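Participant: Top line first, the protein sequences correspond to chains A and B. All residue numbers for the first sequence refer to the numbering used here, where the first residue is 856 and numbers rise by one. All residue numbers for the second sequence refer to the numbering used here, where the first residue is 14 and numbers rise by one.
Treat the hints as calculated values from the structure; they're not laboratory data. On a predicted model such as this, the values are computed, not experimentally measured, just so you know. Glycine residues also receive a C-beta, built at the ideal position from the N, C-alpha and C atoms. One should not assume that every hint holds.
Said to hold, decoys possible - A few chain A positions that, by computed beta-carbon distances, are all more than 10 Å from chain B:
| id | residue |
| --- | --- |
| 1 | Asp-947 |
| 2 | Ser-1062 |
| 3 | Ser-1111 |
| 4 | Leu-1141 |
| 5 | Arg-1177 |
| 6 | Tyr-1213 |
| 7 | Ser-1276 |
Claimed, not checked - So the derived label-pair ranges between C-beta atoms look like this:
| id | chain 1 | residue 1 | chain 2 | residue 2 | range |
| --- | --- | --- | --- | --- | --- |
| 8 | B | Lys-66 | A | Ser-933 | 40 to 50 Å |
| 9 | A | Gln-918 | B | Ser-28 | 12 to 22 Å |
| 10 | A | Gln-957 | B | Lys-66 | 21 to 31 Å |
| 11 | A | Arg-1150 | B | Thr-70 | 24 to 34 Å |
| 12 | B | Thr-70 | A | Glu-1046 | 57 to 67 Å |
| 13 | B | Lys-66 | A | Asp-1002 | 53 to 63 Å |
| 14 | A | Ser-890 | B | Ala-29 | 23 to 33 Å |
| 15 | B | Ser-28 | A | Gly-1162 | 43 to 53 Å |
| 16 | B | Ala-30 | A | Pro-1337 | 35 to 45 Å |
Claimed, not checked - Which residues of chain B face chain A? A few of them, derived with a C-beta cut under 10 Å, are:
| id | residue |
| --- | --- |
| 17 | Ala-93 |
| 18 | Thr-96 |
| 19 | Phe-108 |
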Amino acid sequence: MGLSLPVLNHRFASSEEFECEDPEEYSLLPFRFISLDERRYVATNLAGEYIVLPKLELRAFVQHEMLPSSPFFDELKSKHFLLSRDSTVAIDLLSVKYRTKQSLLANFTGLFMFVVSLRCDHSCPYCQVSRQSEDRHAYDMTREHADRAIDFMFQSPSPVLKVEFQGGEPLLNFDLIRHVVVAVESRNVSESRDVQFVIATNLAYLSDETLQFCADHSILISTSLDGPRDLHNRNRPRPGADSYERAVLGIQRAKSFLGHDHVSALMTTTEASLSRARDIVDEYVLQGFGSIFLRPMSPFGFAVKTGMVRRYDVTEWLTFYREALAYVIDLNRRGVAFREEYASLLLRKMLTPYPTGYVDLQSPAGIGIGGIVFNYDGDIYASDEARMLAETGDRTFRLGSLVTDSFQTVMFSDHLLETLSQTMTEGMPMCSDCGFQPYCGSDPVHHHATQGDVVGFKPASDFCQRNMAILRHLVQLLEDDPSAAAILRSWI
Amino acid sequence: MQSTPQQFVDVTFDSAAYSITAIQKAAYRFGNLCYIRIETTIDGRVSVQLTPKATVTSPESLAGDLRNEVLDQHLREVVAEETGRVRDLILAQAFSAVSLIDAIGESGDAVDDPLGIRAQQTFADRGPIST
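The following block holds chain A by itself, in its conformation from the complex (with noise of 0.2 Å):
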């Protein structure tokens, strides 16, 4: 209808009068940025909160010509890229956010990693850790060493302890894990401290006691599942070829007792699974997970010794990794509820001011101060990797002996705090000055096993490269791709 109501159209001004196209001063907060693509950069400020801008955009920014009415000067006003005179709380805001990214590093140490055993049933030939065969006890962890590691893990101030399950098989040495729980659990009656554990199991010797033990306990179980049966089976040979089969029943049985929340799955890229991004979402969503963590195969162990690790290269990996995660995304519109972890956790670091505890990307690394490894011997390393390192013969990373080293030895040697200064990434050649370094980490291990340099030569670093496409990747999908962008955020 025609009806005009004149008291409303005298009411508000025309939006063209709210329009500003005077200069205004405004000072540039401390920011870095990194080409996206050919026409913008992606800018991230000390929180890590990003804009993308035109190129020009943000030429003209930082030479302090651009106007109140670019569409990008609101934006990067309330981001905290620049201060203008009618804003005043921005160095505020950003010291509270950089403070909360920054807030687990005072805990210290929370992620502790005991090798009960290194004897493990299957034969992987990826296998990074050197797993011995089954019979061979001397590769079992021994009870005197688990209650030094015990009392180790108990001086460090983390109001939050996770206590990992590693091998081999550790199932195969049950019997250390039930004391080793049973006397955490007993000493933290006085210590108060919120424990979690979790054992990382092939599931080919789950036992009712087993998970009877683990229901008690609440103790949350890691597998591996490389994908569908065949290239499961093919990844992972173990004697009678069942891994799959057993790895599917144990993840069923330990689902339906412990809770469906309590079970995990892992997977490593091969060769083989270059090409099967698809089937192995699939296989996942099969077996009633939620999400998937895709990684690359790690350059140690018998993946090295094999030669597995050299057989695709990180540019074949991300058009995996894409592939993948498109699959995913689209299952999302479809309405299935799945997410990929290592996108979840690269999101959370973009999109909101809270760290995420993940040690294997972090600055200053992870090593000793994010997770410590106790090997089976009594001896202590930095890292899961740095464990992997020395059992091919290369001890760059141990930090000590459960059994002649202190606490105070361990974790203040000069050894593992050169090692974290040199490598932190507001330090280093390109990463200091990197769009993405709020999000990126820094892995000091990687860098000596692939270059034999703990900083490494970032343009020759794979572990670079890779994060820099997915990052990339991210954000285009964020800013190009709105159901995409909808479906990530609702990942956090």
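Based on the hints, put chain B in the right spot on chain A.
Facilitator: Relative to the frame of chain A, chain B by itself:
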């Protein structure tokens, strides 16, 4: 720019427009693609010589990519120079022991009323009521 087929690519920069640090940082990023040589010329310009490695399939784009990267490094220097002190302030404030938010107000007990913000209400027929 000089280019000899299958040999080096030579790019020069005006040292009045770009710092040597910006040029070095930019060139560093090409270290996996090229062998790099940086020299100052007799007329005060900075010469960067890139010798592509065998794996480089499109050496003709190297000069343009390097120029863009030098510009980016220059912009980073501009930002760092302008924001260096406020960055230190933000970090110092982030790790200071003083709460940036009202610590008393956040943790105070409503009954104790540490900030004295309890309101007084007066009703005409009942007199003052403390809430």
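Participant: Each hint: holds or not?
Facilitator: Checked hints:
With a least CB separation of 5 Å from chain B, Asp-947 (chain A) falls inside the 10 Å interface cut-off, contrary to its annotation. In this structure Ser-1062 (chain A) is separated from chain B by more than 10 Å, as the shortest Cβ-Cβ distance comes to about 50 Å. Against chain B, the non-interface label of Ser-1111 (chain A) holds: every CB pair exceeds 10 Å, the least being about 45 Å. Once the 10 Å rule is applied to beta carbons, Leu-1141 (chain A) is consistent with being away from chain B; the minimum gap is 41 Å.
A cut-off of 10 Å between C-beta atoms confirms that Arg-1177 (chain A) is not in contact with chain B; the least separation is 21 Å. The claim that Tyr-1213 (chain A) is not at the interface with chain B holds, since no C-beta of that chain comes within 10 Å of its own (minimum 21 Å). At roughly 16 Å, the least C-beta separation between Ser-1276 (chain A) and chain B is larger than 10 Å, which holds for a residue marked as non-interface. In this structure the supplied range 40 to 50 Å holds for Lys-66 (chain B) paired with Ser-933 (chain A), their Cβ-Cβ distance being about 44 Å.
Checked against the given bound of 12 to 22 Å, the beta carbons of Gln-918 (chain A) and Ser-28 (chain B), roughly 20 Å apart, stay inside it. Range check, Gln-957 (chain A) to Lys-66 (chain B): about 39 Å between beta-carbon atoms, so the 21 to 31 Å window is missed. Between Arg-1150 (chain A) and Thr-70 (chain B) the Cβ separation comes to about 29 Å, which falls inside the hinted range of 24 to 34 Å. The hinted window of 57 to 67 Å between Thr-70 (chain B) and Glu-1046 (chain A) holds, with their beta carbons roughly 59 Å apart.
Against the hinted window of 53 to 63 Å, the Cβ-Cβ separation of Lys-66 (chain B) and Asp-1002 (chain A) comes to about 54 Å, which satisfies the hint. Take Ser-890 (chain A) and Ala-29 (chain B): their Cβ atoms lie about 25 Å apart, and the range 23 to 33 Å holds. The hinted range of 43 to 53 Å is satisfied by Ser-28 (chain B) and Gly-1162 (chain A), whose Cβ atoms lie roughly 48 Å apart. For the pair Ala-30 (chain B) and Pro-1337 (chain A), the supplied restraint of 35 to 45 Å holds, since their beta-carbon distance comes to about 41 Å.
Because the beta carbon of Ala-93 (chain B) sits about 8 Å from the nearest beta carbon in chain A, less than 10 Å, this interface hint is met. This hint holds: Thr-96 (chain B) has a C-beta 4 Å from the nearest C-beta of chain A, less than the 10 Å allowed. Given hint, Phe-108 (chain B) at the interface with chain A, holds; its Cβ is 7 Å from that chain's nearest Cβ, closer than 10 Å.
Hints 1 and 10 from the list above are not met by this structure, while the remaining hints are.
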